[in-house]
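I would like the entire structure built from these sequences, with the hints used as guidance.
Number of protein chains: 2
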Amino acid sequence: MPNLKQASQIFHLADAQSLLSHDPDRLTAMMKTLHIAEIASLILETRDQHECQRLLRYVPNEVLGEVLLTLPEGIREDLLALLPSAVLSLALHDLSSDDAADLLQGLTEEKAETLLASLSEEDRREVRRLLSHDEESAGGLMQAELFKVRVDWSVGKVLKVLRRWGREIENLNYIYIVDDDDRLVGSLALHRLLFCEKKQAIAEVMHTRPAHALAGQDQEEVARIFEHYDVLALPVIDNEGVLIGRITADDILDVVQEEATEDMYRLAAVSDDDDLSEPIGITAWRRGIWLGLNLLTALLASFVISQFEGVLSSIVALAILMPVVASMGGIAGTQTLTVMVRSIALGRVSLAVGRRAVLKETFVGLINGCVFALILGAIASVWFPVIGWHLGLVIAASMLVNLTAAGMAGAMIPLTLKRFHIDPALASGTMLTTVTDVVGFLSFLGLAQVFLLPLLNKAG
Amino acid sequence: MPNLKQASQIFHLADAQSLLSHDPDRLTAMMKTLHIAEIASLILETRDQHECQRLLRYVPNEVLGEVLLTLPEGIREDLLALLPSAVLSLALHDLSSDDAADLLQGLTEEKAETLLASLSEEDRREVRRLLSHDEESAGGLMQAELFKVRVDWSVGKVLKVLRRWGREIENLNYIYIVDDDDRLVGSLALHRLLFCEKKQAIAEVMHTRPAHALAGQDQEEVARIFEHYDVLALPVIDNEGVLIGRITADDILDVVQEEATEDMYRLAAVSDDDDLSEPIGITAWRRGIWLGLNLLTALLASFVISQFEGVLSSIVALAILMPVVASMGGIAGTQTLTVMVRSIALGRVSLAVGRRAVLKETFVGLINGCVFALILGAIASVWFPVIGWHLGLVIAASMLVNLTAAGMAGAMIPLTLKRFHIDPALASGTMLTTVTDVVGFLSFLGLAQVFLLPLLNKAG
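So the protein sequences, as listed, match chains A and B.
All residue numbers for the first sequence refer to the working numbering, where the first residue is 124 and numbers rise by one.
All residue numbers for the second sequence refer to the working numbering, where the first residue is 124 and numbers rise by one.
The hints are simulated quantities; they were obtained by calculation from the structure and are not laboratory data.
Keep in mind that the hints are not guaranteed to be accurate.
A pair counts as met if it fits within one copy or between any two copies, since identical chains are not told apart.
Using 25 Å as the maximum straight-line C-alpha spacing, the simulated PhoX-like pairs for lysine-lysine come out as follows [said to hold, decoys possible]:
hint, residue 1, residue 2
1, Lys322, Lys271
2, Lys322, Lys280
3, Lys283, Lys541
4, Lys234, Lys541
5, Lys280, Lys541
Since we're looking at a predicted model, the values are computed, not measured.
And the structure:
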């Protein structure tokens, strides 16, 4: 029985390599017993494209397409460019319509057209229709394969047709019921069908308010419908209410992971497509763009500091302590920002909740501002006794100001982005640290200039 | 037809409030037509506990349990503490065993015992058994309700028994086949059953290597099995191979979101349980602990800076520029750290991949280190021409060192934590910025002390 852990203990790349050179026939046989996920892991372990291509030749045609789809996007696209059209055409053949569309999306237009031509006319039409939807919408996620029946049929007729036509549909868990214009009017869990009398009308036993997605709906919203309604599949309708496809929960798992990765990466100033398997140069370039943006904001902070050259050169303790104020503000702001971005992504932030959140986060900043003002004020006073408690007072005040600003900015930045229909995670981390750095340095050095410099001059 | 967007347009809290005071009977009727998710949204919108409790009285008993489970944990626990045992007992009654166990977990032990006593003996035994598993393991996720048949039965017998006993099981998509000792030997998608002859033996048509989870397996691993095998439900077996429960894909969606939230929060120094709906004091306390930890590392960085008082008071440009070096290192390191933590969470990092990743990330750091060394070196030379290109050279060298260290540390910290079986996300952000701050300040100020101070003295 395959369990991921056990499977990887059974057949390693080393075994495949040895079979590859010594007993290719056994490798062919072996590959047939492996699960798609296991084959994909083997391919991921290969060291170069040559070995990878050699191994791919032993993957059974009927699972090749699914294996390719399991691989990370970067690697998949490299392989798609390398594999001959004849092989890809075979791989395409055994895929459901949504998977076929996904695979074609990774190809050059020319190659995709060649492959499309090799499909039957019906399949080609379906795949083309799927390709016309935005990749990240319900239409882009759905598959055309589903089982639909007319609302005026009896349970017996449904069962009969199901036995005849349902065989090819994978994960057939719901039956969808449509009217004469193909509009969705109901759904029924397959196993419920078994408990009905054959004579009953399907309209009598169906669920008349089925949860559904609209073709144009964003995939994040679709995931939320799945989570709210705890369903394993969702029918997709167009603007006229016509049933055009269905999405199964296993596809939504991928969406949820993808969206979470996207938010995490954006918060950390990383591109969505960043991947460990991608070439060093590309990664360096992608990260470099974000680093460049950060350089600009860091230089802005430096510019703020440079306005206080006088007081900095008089009191070196300021240079020693100022990173603490900025760092604490950065962390406090990031805490708020992360909770906000995640809550927005999970659909938990309405307008009312958002307003309350800004207030709450500002207060949390104020409270921790007070606490750490006291602590850091005391430490500063003890560490640099020459300037006495005045330095402690200045850093305490600046800490209070910066943590409060951090809480407020951490809550307001993502909400503002959301209001302007921009992803709340995008660049918000950079915006936030700009605020906390500038407020931190400005308040600390500014207060020092106003209150400490006169003291020093008096003493001097 | 309910679609989240439409639903929220249909019935708002304001409507409920008005019905509450003017037409409570219609509110009762209305509640019966709403979906669980819709009722939960209404409750989330209430402003105080009084209103919330009043509204809860109108929630139909048969969905009350599920509504409670849909609410965020903090709010749910508050409500559970308030609701009388009699109401909770009704709510418990209509839940599946895993949901019942989840609900009981939020109660005081005493209250949980009272409620358990109200269940039938069989249900009580099942729920108790589920409660004995770790909440975050396959055993803690699974439900006891499933449909299992003996391996020596015919398809006809299976269908007959299914019609008799399967009615109560929700989302019944797979039939599990066990031997005489209740050990899992096969599975069969329900709809496949419809295409079999009644006379066929179930052993002939079943899938003999069903993917499965072990009761003790961590929920993150279970989610990975779901993703790899694209199944909608997974049987759970104990160490003897005995079938003890099943997990459905909708539960895994919650797990995936939960784990992603956990990683995001830990990377941002936020506790897993942080929530917008929790009281200000608790949030401030939870965040404060992390801020305290950050204060220690920020003070360590200050201590490093304080070792260079001499050169800092001679060249104020150092104080102005040093935050840039630290900030760039922090961002570059966080980029690497985030990609590593996420890749580990998604199960994409084997030992070999990890080793390659450290090399790759170090190189990426080196490349961007070179690029930004040139840029920042030039800026520094132009901005502070008094010390000439020497300052530019020092900041360039320090930038190169810090970005390389950032890449290496960003990759190694999570891998090392993982090796010691600690969550790679936990406190790794704080560790990383400690490294980049210390390396940044040390290299920048250290090089300045060695190369710039003698120049100044010579000039002076």
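Do the hints match the structure? See the list:
In the homo-oligomer, the alpha carbons of Lys322 and Lys271 lie at most 25 Å apart inside one protomer (19 Å), although the nearest pairing across protomers, at 28 Å, exceeds that limit. In the homo-oligomer, the alpha carbons of Lys322 and Lys280 lie at most 25 Å apart both inside one protomer (9 Å) and across protomers (22 Å), since each shortest distance falls under that limit. Taking the shortest Cα distances, Lys283 and Lys541 never come within 25 Å of each other, neither inside one copy (50 Å) nor across copies (54 Å). Within a single copy, Lys234 and Lys541 get their C-alpha atoms no closer than 39 Å, and across copies no closer than 42 Å, so neither meets the 25 Å cut-off.
In this assembly of identical chains, Lys280 and Lys541 lie within 25 Å of each other by CA distance neither inside one copy nor across copies; the values are 50 Å within and 56 Å between.
The structure fails hints 3, 4 and 5 (numbered hints given earlier, in ascending order).
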